[in-house]
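There are 2 protein chains.
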Amino acid sequence: MDINQFLITPAESAGRTGPHDRIVMSSRVRVARNIKSLPFPGWAKKADRVKTLDQIRPAVEGLPQMSDSFSESMDNLSAVDKQILVERHLISREHAAKNAGSGLVLNREESLCVMINEEDHLRMQALRPGLQLKQAWLAIDQVDSHLEKKLDYAFSPTLGFLTACPTNLGTGIRVSAMLHLPGLVLAEQINQIITSVNKLGLAVRGLYGEGTEALGNVFQVSNQMTLGEAETDIVERLNKVLAQIIEHEENSRATLLERKPKTVFNHIGRAYGVLANAYSITSKETMNLLSLMKLGVDLEMFSDTNKALIDELFILTQPAHLQKQHSEKLGAEERDAMRAEMLRERLKNVGRPLTPPSGGSLDKTKE
Amino acid sequence: MDINQFLITPAESAGRTGPHDRIVMSSRVRVARNIKSLPFPGWAKKADRVKTLDQIRPAVEGLPQMSDSFSESMDNLSAVDKQILVERHLISREHAAKNAGSGLVLNREESLCVMINEEDHLRMQALRPGLQLKQAWLAIDQVDSHLEKKLDYAFSPTLGFLTACPTNLGTGIRVSAMLHLPGLVLAEQINQIITSVNKLGLAVRGLYGEGTEALGNVFQVSNQMTLGEAETDIVERLNKVLAQIIEHEENSRATLLERKPKTVFNHIGRAYGVLANAYSITSKETMNLLSLMKLGVDLEMFSDTNKALIDELFILTQPAHLQKQHSEKLGAEERDAMRAEMLRERLKNVGRPLTPPSGGSLDKTKE
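For the record, the sequence lines run as chains X and E. Taking this note's numbering, the leading residue of the first sequence gets 10, the next gets one more, and so forth. Taking this note's numbering, the leading residue of the second sequence gets 10, the next gets one more, and so forth.
Incorrect hints may have been included.
Where chains are identical, the list cannot tell them apart; a pair therefore holds if satisfied intra-copy or between any two copies.
Unchecked claim - Lysine to aspartate or glutamate pairs mimicking EDC-like chemistry, simulated, CA-CA at most 16 Å apart:
| # | residue 1 | residue 2 |
| --- | --- | --- |
| 1 | 293 | 222 |
| 2 | 271 | 343 |
| 3 | 54 | 259 |
Hints were generated in silico from the structure; no laboratory data involved.
Please construct the entire structure, taking both the sequences and the accompanying hints into account.
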């Protein structure tokens, strides 16, 4: 498969649906593995890394789950293509910076992605739409079992799987969910939630943007500990916390709609108005306004608009995705104009937001 | 005529057209006159003011130009009705504060308005759409000639018409035009223009808003001197300056469209998007966004929208006009919601702004 086949088309993942997908945009489980007697990527010389890649890659490509997949050495990918993979949350920023000796194997559905020689020899992740942590875990566990037969994992009976960084030691598992929490942000309750979740040993961070910034009201919640807890327990614990966050978000939305419906509609209406009519718009503003429009879709303010369109625009309006559509290199100002043009075009047939018939009742916002 | 007949309907003046009406919203000439041997309103006791009103009012009502008119003593008007007259620029804020002993005679077309016992015994003004200073002057001159036969004006052969304030002494004339200058504001050339115009002995001020603020990019240019210059010379001089301001505004628009078309479209598109989709909007934001939409209409970005709709919304979205439509007293927050509702409703059938086919050429902006 040629990477361009899917890089220039809308992200397949945007159209998929899953449980609680109004709030949980996606679920993800990744595991870190290393090969015994080979140096960790950070220590290894380039020749060693190339050797490691050559050894691991055929095993990954040979997985039944990778029968229709894209496989490439990082030095064969352009900067823009790498950035597109980052914007789709398929590879890390760190992996995008790698070159020869690091690689990537990705299936066509974008539901399974293996980074070779990132921080560890193997970083493999399964993605699912909505809240499907268990399903993602089962998928990656299958892959792991397959690979275990072909590769000699570095494993200690006392410590578990060995990893380059001790924060991944043991199970090597990182379970996470991408959450859309506009209600908690608008109600100014998000910081309280983050503090509570942190106390439970889970990490919360903005998925887009720098530092603590959470553009588009999108947050990632993940486990921090990988040692001393079974994988299924980690998944179970995260599931419980996510159920509570979902409930808080639903409550925030319901309360906002009950107490300040006009304020909520005002945010959503203006967001749509600007997105559908601007001639220049930054990535940051786009994210934040798309988030509000997504909330509007949840509230059924857009009768003929589906969730997929908004989720797709979240991805397609990002810098590398815009750059990919043009042969010449775009400056920031040109990108802002192109982004606005794309939004105007894609939102052309979306009718103006209407006041929900219920005036925004509780029932409309419940799963 | 009952004042409510026209106060609750759209301002008739909004629909009218005149020369250069894309930039010159209206022309106005007012003259100040006083009656010999009666004390000026500021000096007069209430009984004297009532006597003066009783003497002047029948003469004004009897004018052929006032055959279909509304005539009322200020104490018979509610605060909201007075405010509506201010918002339509028919009476001054000072006159709206008057009660018994002051009055108002207004013709149905809202093209002729006489305030009795404002600062002077008579403040009569003629209004015309677009650039029609001479026509306004001729209209008010006719009214003046008629009244002169019935009322004994205070007149000095050396000073001319006597007025309460020396700034009006002589001709008692104030010639003004209401200008929409978004191009000069966007190009940041407006202050330079104001300084130049001031040097020519003309006053420039924002028509809406407090102090130097010019909400909606609407400015009023008027003469400052009333002594030692014939009325027709004042009109002629203002006409010359206005012709130059119009040219500067046209040039600013053309230059902006040539150099930064996307920036101009971006302002206009966003303005429309917010106006058509907000659920709460202040009077101030409304003015400023309507100004941009008006510019968009001039640039033919709204294929099926006419100038009259925007000019009407400029008036109908103001506080007293909104209050007039509701029996209960509205708070500021409720007004912001009502204003947004009116805008959404009135702009419902306005298609989204389109990039002008010419990309915004010079020709499109020329009269």
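Hints and how they fare:
1. 293 x 222: For residue 293 and residue 222, only the intra-copy Cα distance (10 Å) is at most 16 Å; the inter-copy one is 31 Å.
2. 271 x 343: Classified as between: cross-chain Cα gap 10 Å, same-chain 35 Å, threshold 16 Å.
3. 54 x 259: neither (51 Å within a copy, 67 Å between copies)
When held up to the earlier numbered hints, the structure conflicts with hint 3 and nothing else.
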